[in-house]
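Line order of the protein sequences matches chains A and B.
Heads up, the first sequence is in my numbering, so the first residue is 8 and it goes up one at a time.
Heads up, the second sequence is in my numbering, so the first residue is 330 and it goes up one at a time.
These aren't lab readings, by the way, just hints derived from the structure by calculation.
Note that this is a predicted model, so its numbers are computed, not measured.
All residues carry an ideal CB built from backbone N, CA and C; glycine is no exception.
Treat the hints loosely; a few may be bogus.
Calculated pairs, DSS-like style, for lysine-lysine (alpha carbon to alpha carbon, straight line, at most 27 Å) [claimed, not checked]:
#1 A:K17 / B:K533
#2 B:K548 / B:K339
#3 B:K442 / A:K152
#4 A:K152 / B:K395
#5 A:K152 / A:K73
#6 B:K533 / A:K349
#7 A:K247 / A:K17
#8 B:K442 / A:K120
#9 B:K395 / A:K120
#10 A:K368 / B:K348
#11 A:K205 / A:K9
#12 A:K340 / B:K377
#13 B:K505 / B:K673
#14 B:K412 / A:K349
#15 B:K533 / B:K331
#16 B:K548 / B:K533
#17 B:K331 / B:K377
Selected chain A positions facing chain B (in silico; Cβ < 8 Å) [said to hold, decoys possible]:
#18 I37
#19 L42
#20 K87
#21 S88
#22 V142
#23 I162
#24 I165
#25 N171
#26 M295
#27 L299
#28 L344
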Amino acid sequence: MKRFRAFVVKEFYHILRDARTLLILIGMPIVQILLFGYAITNEIREAPIKILDHAKDATSREITSKIVETEYFALSGYLKSEADIEAAFHDGTTKMVVVFPQDFGKNYENGIKREVQLIADATDPNTANSLVNYVEGVLADFNLKANLTSMPFQINAITRMRYNPLLEGVYYFVPGIIAILLMLVSAMMTSISITREKELGTMEVLLASPMSSGQIIIAKVIPYLILSFLDALIILALGKFVFEVPIAGSLALLLGVTLLFIMLALSLGILISTVAQTQQTALLLSLMALMLPTIMLSGFIFPVESMPIPLQIISNIVPARWFIVAVKDIMLKGSGLFIIWKEVLILCGFTLVFIAASIRKFKVRLE
Amino acid sequence: MKIIGYLIQKEFLQIIRNKGILPILFVMPILQLLVLSFAADFEIRNLKVFWIDKDQSAESRLLRSKFENSEFFDLMGSGFSYKEGEQMLELGNADLILEIPQNFERNMNREQKGDMLLTINAINGTKAGLGSYYANQIIRDFNSEIATALATPMMSPFKTISATYSFWFNPFLNYKTFMVPGILVLLVTMIGAFVSSMNVVREKELGTIEQLNVTPIKKYQFIAGKLIPLWIIGLIEFTIGLIVAKLVFQIPIVGSLLLLYFFTGVYLIMVLGMGMFISTVTDTQQQAMFIAWFFLVVFILMSGLFTPIENMPEWAQKITLINPIRYFIEVIRMVMLKGATFDKVQSQLIIITIYGIVINGLAVWRYRKVN
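Isolated chain B, as found in the complex:
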């Protein structure tokens, strides 16, 4: 125990005396949390519309005013030929072109139907899908407004079913409520995995590991001495992030803080163990960094942080079952936003614990005191 104590002291001194690392460890994550949380927003508003009206009729102007008044669209200009619109689309000045063909009003009165053309820049599929949805909604409303205006008592009454909705756990659909806890996980994971993966290999590269190898320090003591300081730093990091989340973003913490910390503690041991393992199997820091980066990117993309796991195809969903980040993101969202209790996150906790034991065991086993 005393030996581990000394090792921890040594590690802390090394970190504190390194002027380059400290600000990066503590200032950068907070900056990142602030910046990234504001940046991470899928909300689509103010789609730029280019309006082409070849009809110039009362109906077409009425429809135009509907688009002007919508919060989803910004009318950025209008013209008379499709070519103009196409150019705007290519330059990125417009997201969608609405074209009212000639004789629009006449066709409507004669044939009871009129077609209009909607061209959307679909490079961002999500945005295009929403744009098309909002535009169609406006057109639908327009249709039924005309219908109501022209309705006579002779006609059969309209049978309509509409929806009322309520959004639970996040009534104002605040995207930050969703993203901030996830980004917090991301930062804790990245710092933990990178710093630990470069730690042992650094000693190897600089040759200082030989000095440690000739001491009577046991393998597990060595790993523990490396892990514990980073574990403490990780928890401090998490705390700072949590405070920022609460104070700056007003993210609710509905569930128990104790549970949150308990899970984070277990998770950190797992992440650090993963870094340690990478560190013991590599020879240079560059290598370690690269391997850690590779796995982190795959894990992060498959974690449900940015895009929901349920949207993935079946096989990809199965792969995410071996992704530890997935479980932490699930848990932090469940506990912070929905107030889930211990029994709800039990299975995730068990998985992370098993993961942690296996990976730390591997790290201790792979660490060789003999070259």
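Looking at chain A on its own, in the form it has when it is part of the complex:
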């Protein structure tokens, strides 16, 4: 046991003496959650639009001001003719052009349908689609008010946003940030640190010690386990106290699932290090096989339901996907173990498979 302690202490020294890495290890979760909390959003605010008003009458002006009044749009100028539209889009400063045709307001009072023409820059299809939706919303409001007297009756939808009443983006991102950081610290750092010993030849020294190979590996991963856990705590605390992301469910369960995921990531890191011979290979392997799928296929940024079917199937083998679902359920919905047992079971299964595979692959002898 004393020997084992000495090993763990040695690993801690490795990490603690590297001030820069340590700084980033602590700084990274903070920076990321601040970015996601404040800067990363799909909400459109004040998209610059231009108006091409051929009609120049009371109705066209009223609608223009109604559109610009909303928080979604900002008027960035008027165009003179159709020929200017393309140029306006080219430098990327205009997201949409609203065109009122010549005879726009004429006949309006007589009930003949009038049309506004919207031209959106669809290089970003999301934004384009939302902008058009917002204008349609403004027009629908306008129509409703104009025809209030002649409508026989109205159905109103009372909308309630469950679990995230203010539609805060950060609610959605917190579980994903935890998953990514845990993958980074546990899987990537561990795999590189073990491969490093191999590459520099110090692994030989370790293997020649009276410690068993299992103990060596466990001693190696303990500091990373503690660090990862610390990172997860930082994110949860920042989420809770800065962004007021609730933790509706049981904190113990949340931390338990987090710990399980850390174990999973660590065993994955060990597995990678048994395959890779150099740090560079270990890095690129974990980067390409772990980090990118964790970011893209786990439902962190892009919803899994929106993916094509083959990718939805592939996403099943991305461990982070299950972790994120479980964390969201616990934190935001307040679900208990009886709701998320499936996710927990899957994560356990992954961990066992990775550990078994690393034991099979681990060689005590060097070639």
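Dock chain B against the given chain A, drawing on the hints supplied.
Frame of chain A, contents of chain B only:
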């Protein structure tokens, strides 16, 4: 010049002889481009609806059929109590619950208005917002349909203004058209920054740098010898990605290829210089990787790749001005999709060039031949 030539030869041999690196360098990015481009989709369709109808009237059934026929919604089940719906929401089997209260039809006929309840799982705010928008649209249409059906010549005619729209540069709102060029930038940047940041520090860690330090090689020759092979690899990488984008995803390349390559070339020098600089200030590969990762993540998130920069708050938008990835993503989208010409991307080019000169200068300056 001859010295640089030898150094380049050495680097290439090292890369080619490393069986582990080559497939990762070339196969993985293509796989990633393919997979990620299909995955990166915000499009929301098939929202799962749970229907609670406490009224069971003609009107409520008519409304239900409207939801059934919408391409945005999938009716996954129906029940009679809110509790059932709440459970479905918690299990993730439903995205929204629509509840028609008792006496819905009666209230409509008596008071000319009826309320229905819409409960949405809002964990994903964007999705919830769209869901609410689509649902309200259906209800609005339903309202005006009833209105038209009941309209009598005695009433004043409806005054409606509607919108027609056209989507330029991407008429079918293909999300891949938007994402693929961006992901291409991402891959070129990541490979470039990581491989270069781990390169010099690797020699340091393994001790082989001492052998280079005792040669008469000048500092700039050393850096150039490291940079040029990676620059060539980066361009090959970019070419492969471009071919995949064109052949697999049919992404249009409206603008000039020459301009695209010119910009990529300048950009790569900048990215590689950044990696080199990290490499010269760190002592271990792990450290280098970690620092590179940290900056890349921040740069990527703030680049406008996933979420538009205009949506960010003012201060965050200002920060993105020092983000080099932002400029490349802007340029690649402008040139590939809108056919922007040289004068439109001039300012971005100047910024990247200045960046490149500064960062490579720093790398040469920081590289010490003496310990």
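Each hint, compared with the structure:
This hinted pair checks out: K17 (chain A) and K533 (chain B) have alpha carbons roughly 22 Å apart, not beyond 27 Å. Straight-line distance between C-alpha atoms of K548 (chain B) and K339 (chain B) comes to about 16 Å, which keeps the hinted pair within the 27 Å bound. Restraint check: the Cα-Cα separation between K442 (chain B) and K152 (chain A) comes to about 15 Å, which is no more than 27 Å; the hinted pair holds. Restraint check for K152 (chain A) and K395 (chain B): the C-alpha separation of about 24 Å stays at or below 27 Å, so the hint holds.
For the hint linking K152 (chain A) to K73 (chain A), the alpha-carbon distance of about 13 Å falls within 27 Å, and the restraint holds. Taking the CA atoms of K533 (chain B) and K349 (chain A), the gap is about 48 Å. The hint is violated against a cut of 27 Å. The suggested pairing of K247 (chain A) with K17 (chain A) is violated, with an alpha-carbon distance near 35 Å, which exceeds 27 Å. About 26 Å separates the Cα atoms of K442 (chain B) and K120 (chain A), which keeps this hinted pair within 27 Å; it holds.
Between K395 (chain B) and K120 (chain A), the direct Cα distance comes to roughly 24 Å. Compliance with the 27 Å bound is thereby established for this hinted pair. Taking the CA atoms of K368 (chain A) and K348 (chain B), the gap is near 19 Å; set against the 27 Å cutoff, the hint holds. Note on K205 (chain A) and K9 (chain A): the hinted pairing holds, with a Cα-Cα distance of about 24 Å set against a maximum of 27 Å. Among the hinted pairs, K340 (chain A) with K377 (chain B) is consistent with the structure: their alpha-carbon atoms are about 18 Å apart, no more than 27 Å.
Restraint check for K505 (chain B) and K673 (chain B): the C-alpha separation of about 24 Å stays at or below 27 Å, so the hint holds. The suggested pairing of K412 (chain B) with K349 (chain A) holds, with an alpha-carbon distance near 22 Å, which does not exceed 27 Å. The hinted pair formed by K533 (chain B) and K331 (chain B) meets the criterion: a straight-line CA distance of about 24 Å does not exceed 27 Å. The hinted pair formed by K548 (chain B) and K533 (chain B) meets the criterion: a straight-line CA distance of about 15 Å does not exceed 27 Å.
Between K331 (chain B) and K377 (chain B) the CA atoms are separated by roughly 66 Å; this puts the pair beyond 27 Å, and the hint is violated. A distance limit of 8 Å between C-beta atoms decides the matter here; for I37 (chain A) the minimum to chain B is near 11 Å, and the interface restraint is violated. Interface hint at L42 (chain A): satisfied, since its Cβ lies 5 Å from the closest Cβ of chain B, which is below the 8 Å cut-off. Hint status for K87 (chain A) relative to chain B: violated, with the closest Cβ pair at about 19 Å, above 8 Å.
Taking 8 Å as the C-beta cut-off, the interface hint given for S88 (chain A) is violated, the closest approach to chain B being about 16 Å. The criterion of a C-beta within 8 Å of any C-beta in chain B is met by V142 (chain A), whose closest approach is roughly 6 Å, and the hint holds. At a threshold of 8 Å, the smallest CB-CB gap from I162 (chain A) to chain B is about 5 Å, leaving the interface hint in force. Nearest Cβ of chain B to the Cβ of I165 (chain A): about 5 Å, under the 8 Å cut. The hint holds.
For N171 (chain A), the shortest C-beta to C-beta distance to chain B is roughly 4 Å, which falls under 8 Å, so the interface hint holds. Here the hint on M295 (chain A) is kept, as its CB sits about 4 Å from the closest CB of chain B, short of 8 Å. Satisfaction of the interface hint for L299 (chain A) is found here, the shortest Cβ-Cβ separation to chain B being roughly 6 Å, below the 8 Å cut-off. Hint on L344 (chain A) is violated. Least Cβ distance to chain B is approximately 13 Å, over the 8 Å limit.
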